[in-house]
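Chemist: Sequence:
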Amino acid sequence: MFTNSFGGNDLKIAVRRKLQDALETDLMDEILDQDLLQGFDYADKERTAKLISECKAEQVSKIVGTCQEAGWNVHSMPMIFTGGTSLLLKDEIIRQVPGVCGDEITDNVRYANVLGFLAAMPGGR
144 MFTNSFGGND LKIAVRRKLQ DALETDLMDE ILDQDLLQGF DYADKERTAK LISECKAEQV
204 SKIVGTCQEA GWNVHSMPMI FTGGTSLLLK DEIIRQVPGV CGDEITDNVR YANVLGFLAA
264 MPGGR
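If you read the sequence shown in our numbering, its first letter stands for residue 144, the second for the next number, and so on.
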């Protein structure tokens, strides 16, 4: 097990850059969050859906690459993704990582990191 910084903030930065360039406008945080959840921006659904999808694919590729750098054979072992960003990346995770069971990426994963770190603390649950 290890943790990295390829979570929601990293994804939001990449998506914001691509969408703002494509739409030639600044995006409020609330709109960006909405776009990430629904997978597109209303200003140009088809184009922005493609850009968001590309960002998600790149994000999962970075995560998989980091696992491989740590010596994990990600294509031959079962893997579990935790944290709220796993929900946003669920389809791409399933596509890129054969050992992942999509049923394990549910709403309760958004609290898994906190619970795991709590359990690892001295005196944790």
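Take the hints with a grain of salt, since some may be wrong.
Said to hold, decoys possible - Distance windows between CB atoms, simulated:
#1 Ile223 x Asp176: 17 to 27 Å
#2 Leu261 x Met220: 23 to 33 Å
#3 Lys188 x Met264: 38 to 48 Å
#4 Gln181 x Ala263: 27 to 37 Å
Hint data in this document are derived by calculation from the structure and do not stem from the laboratory. From the three backbone atoms N, C-alpha and C, an ideal C-beta is built for every residue, glycine too.
Chemist: Are the hints correct? Go through all of them and say.
Modeler: Verification of the hints:
For the hinted restraint 17 to 27 Å between Ile223 and Asp176, the CB-CB distance of approximately 25 Å keeps it satisfied. At roughly 26 Å, the beta carbons of Leu261 and Met220 sit within the given window of 23 to 33 Å. Taken as a hint, the range 38 to 48 Å holds for the pair Lys188 and Met264, whose Cβ atoms sit roughly 45 Å apart. Evaluation of the 27 to 37 Å hint for Gln181 and Ala263 yields a pass: the beta carbon distance comes to about 35 Å.
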